[in-house]
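Asker: Given chain A, work out where chain B should sit, using these hints.
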Amino acid sequence: MSVLVNNNSRVIVQGFTGKEGTFHSEQMIAYGTNVVGGVTPGKGGQIHLDRPVFNTVAEAVAQAQANTSIIFVPPAFGADAIMEAADAGIEVIICITEGIPVRDMTYAKDYIKNKNCRLVGPNCPGVITPGEAKVGIMPGLKKKKGRIGIVSKSGTLTYEAADQVVKAGLGVSTAIGIGGDPIIGTSTKDAVELLMNDPDTDGIVMIGEIGGQYEAEASRWIQSQGNPKPVVGFIAGQTAPKGKRMGHAGAIIGGKDDTAAAKMAIMRECGISVVDSPADIGKTMVAAMKA
Amino acid sequence: MNIHEYQGKEILKSYGVAIQEGIVAKSPEEATEAAKKLNEQTGTEWFVVKAQIHAGGRGKGTVKETGSRGVVLAKSLAEVPVKAGAILGGTLETIQTGPAGKKVNQVLIAQDVYYPGDSEPKEFYMSVLLDRSTGKNVIMYSTEGGMDIETVAEETPEKIFKETIEPGMGLQPFQARKVAFNLGLSGQAMKQMVKFVNALYNAYEQTDSSMFEINPVLKTSDDKIIAVDAKVNLEDNALYRHPEFAELQDLSEEDPLEVEAGKHNLNYIRLDGNVGCMVNGAGLAMATMDMIKLSGGSPANFLDVGGTANATTVEAGFRLILQDPSVKAILVNIFGGIVRCDRVAQGIVDAYNNIGEVPVPIIVRLQGTNAEEAKKIIDDSGLKVYPATPLEEAAELVKSVLN
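Protein sequence lines, in the order shown, are assigned to chains A and B. For the first sequence, the working numbering gives the first residue as 664, with consecutive numbering after it. For the second sequence, the working numbering gives the first residue as -19, with consecutive numbering after it.
Certain hints may be false.
What the hints assert, rightly or not - Away from chain B, derived, C-beta distances all over 10 Å, residues of chain A:
1) T685
2) A693
3) A721
4) N730
5) D750
6) G832
7) M859
8) N860
9) W884
10) A928
Claimed, not checked - Pairs of lysine-lysine, DSSO-like flavour, derived with a Cα cap of 30 Å:
11) B/K116 to A/K905
12) A/K807 to B/K355
13) A/K919 to B/K83
14) A/K905 to B/K379
15) A/K905 to B/K308
16) B/K211 to A/K919
17) A/K905 to B/K44
18) B/K356 to A/K946
19) B/K379 to A/K907
20) B/K211 to B/K40
21) A/K772 to B/K175
22) B/K142 to A/K907
23) B/K139 to A/K905
24) B/K364 to A/K830
25) A/K907 to B/K40
26) A/K830 to B/K356
27) B/K116 to A/K907
28) A/K907 to B/K44
29) B/K102 to B/K17
30) A/K776 to B/K116
31) A/K772 to B/K116
32) A/K907 to B/K273
33) B/K102 to B/K40
34) A/K772 to B/K158
35) B/K211 to A/K905
36) A/K778 to B/K116
37) B/K273 to A/K919
As the list claims (entries may be wrong) - Covered stretches of chain A (in silico footprint by chain B; criterion: 3 or more residues with CB under 8 Å from a CB of chain B, positions within the stretch not fixed):
38) 758 to 764
39) 861 to 875
40) 911 to 925
Just so you know, these hints were derived from the structure itself, not from any lab. Don't be surprised by glycine CBs; every beta carbon is placed ideally from N, CA and C.
Just chain A, with the same shape it has in the complex (with noise of 0.2 Å):
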């Protein structure tokens, strides 16, 4: 089973025949992604990575029987990307595109919120279910297969929870790389309540950082369902000074709830074992499916 990916995607890109959509493409297929094809517009009926192209995502949609998108197009057409996928019935889109502007965003999370589709990103490494599908840009993880769920704001983060956690002779059902933009199609929450629901997953590692209130509105409803699984929880930026904006988009100190502090008080208070250093992850979680 697993979220979001899996064996039954059909993964299509878009911005296939770019430098970044190439040299992703061919790590996703190596991986054994079904990347069933590509969108550029204007380079229709070409053949790249021994896949068809598409002017269109509805053509890929119709002829390649796609379900999934992920879209490496450069930020000005990164909103256009998205909108276009939701409008050809493409179920999963997985934007990883970094620095599309808040006002794009704000008219294409409008967009596409009565679609029948799921946008992960954008700024986002993308979602990984080892041993089945890589649909992003992470490095792949595939003998660490396990029931472990993983979600989080930040690539390298993802990467160094994943390692841990196989380390520590655990293995990984599904990381979620929701991305560090303020504005981001699936939230915390949701990524929380996939792998809740998930049959596959035992544990969660939760990962979040300054700035928004995300991680609490995670929290809180973890709370609210009684805690059925356990969470791992760590915040980034503990030590990031107020107003200064940390990389990622997002991840800036506004106000006092913006702070790493009080995010890891709120998850606290709800039942999650918030670990202080991001090298305490793995043993953290052996601890917490023990208990």
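Answerer: Frame of chain A; chain B shown alone:
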């Protein structure tokens, strides 16, 4: 991107938002000229002299050298150069600048808008910003103008109102009227406020701003509605759509190391600690800073070398970190995904060789894609670095080199 009050007001004015008029000056002589011109344009006989720095709290802040406040009133033309002179070139310390303060290079000579008339002037608060929980913009406003809005939110939250704007549809007329009525306005002042809110929201959308904060918005004694202050933050990711904004950037307001980092496409933020760090990915970079703190050190910087780190960017990163004299150790933490560890390792070796002698211990933790090749490059180079593989080991090494 942050800009000065006078620049923000110019943008607002160009979208039809009524503002407190003013002219920027860099010397007492220019201040006198500005005041004369302003008197001709507006008839004002009193002038407000306002320090232009990228920080709030100027009115209550103090210029260290002269004791002047950051915002003062000159009640005659003759007072203008004296008052401006007490601010220009000085170091203004406010609640937002920290104890170091900020150097004032420009003052805004602005018209007096609190003149007496038929009704009492009244101050309000208004901001436009993104509500991240809904992905929609909101207009936040309050009857409590001129105060710190976080204090108002804490003490009298019922005095803060929010109006959510539907994307694509924009601000609707009834919403603008609601703002005016909630602020207790009627008659001409109500009409003026509706116009003001409409123009303000339009300016926010069209300029791709991340935040507008107008504190105070003033209802004058003759029922005009004007922006007396303007804090405008333009969204960096949308600047490509507004090439005209590029010249608004004031590099003197920014840390010189951060400016230099920008030239190398490095995402660097200077902090006041003693352990420099170089990391790939913003999340891992923040987590590494946190780990340094837990190990008894304090992070000297945030530095994300990004998804395309190679020998050139890594060397540039090293040089930046080493320019900060408080750095006593450096922690390199790379989890290779897209970034290949061998490339980073080559960067470390090249940086060493090019810089000559690196005066502080370096801890290098390389994990992930091509980590083994990376280790070989570092081992073969004969460099004196402390290698670590698990994150925990890196944390222990930070502890031991600081002792």
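Asker: Keeping to a limit of 30 Å between CA atoms, is the pair of A/K772 and B/K116 held or broken?
Answerer: This hinted pair holds, its Cα atoms lying about 9 Å apart.
Asker: Does the structure keep B/K142 and A/K907 at a Cα separation of 30 Å or less?
Answerer: holds (25 Å)
Asker: Find the nearest Cβ of chain B to the Cβ of A/T685 and say whether that gap is larger than 10 Å.
Answerer: holds (13 Å)
Asker: Taking the closest pair, is the beta carbon of A/N730 still more than 10 Å from chain B?
Answerer: holds (25 Å)
Asker: Would you check the hint for A/K905 and B/K308, treating anything up to 30 Å between C-alpha atoms as holding?
Answerer: holds (24 Å)
Asker: Taken at face value, is the distance from the CA of B/K273 to the CA of A/K907 at most 30 Å?
Answerer: holds (18 Å)
Asker: Does the alpha-carbon distance linking B/K116 and A/K905 stay inside the 30 Å limit?
Answerer: Given pair B/K116, A/K905 holds - Cα atoms ~23 Å apart, limit 30 Å.
Asker: Given the hinted pair A/K907 and B/K40, is their Cα-Cα distance within 30 Å?
Answerer: holds (23 Å)
Asker: Hint check: A/K905 vs B/K379, CA-CA at most 30 Å. Holds or violated?
Answerer: holds (26 Å)
Asker: Are B/K211 and A/K905 close enough, with their CA atoms no more than 30 Å apart?
Answerer: holds (17 Å)
Asker: A/K919 and B/K83 were given as a pair; does the straight-line alpha-carbon distance stay at or below 30 Å?
Answerer: Cα-Cα ~28 Å, so holds.
Asker: Quickly compare the C-alpha distance for B/K211 and B/K40 to 30 Å and report which way the hint goes.
Answerer: Roughly 17 Å separates the two Cα atoms, so the pair holds.
Going down the numbered hints, you'll see the structure goes against none, and every one checks out.
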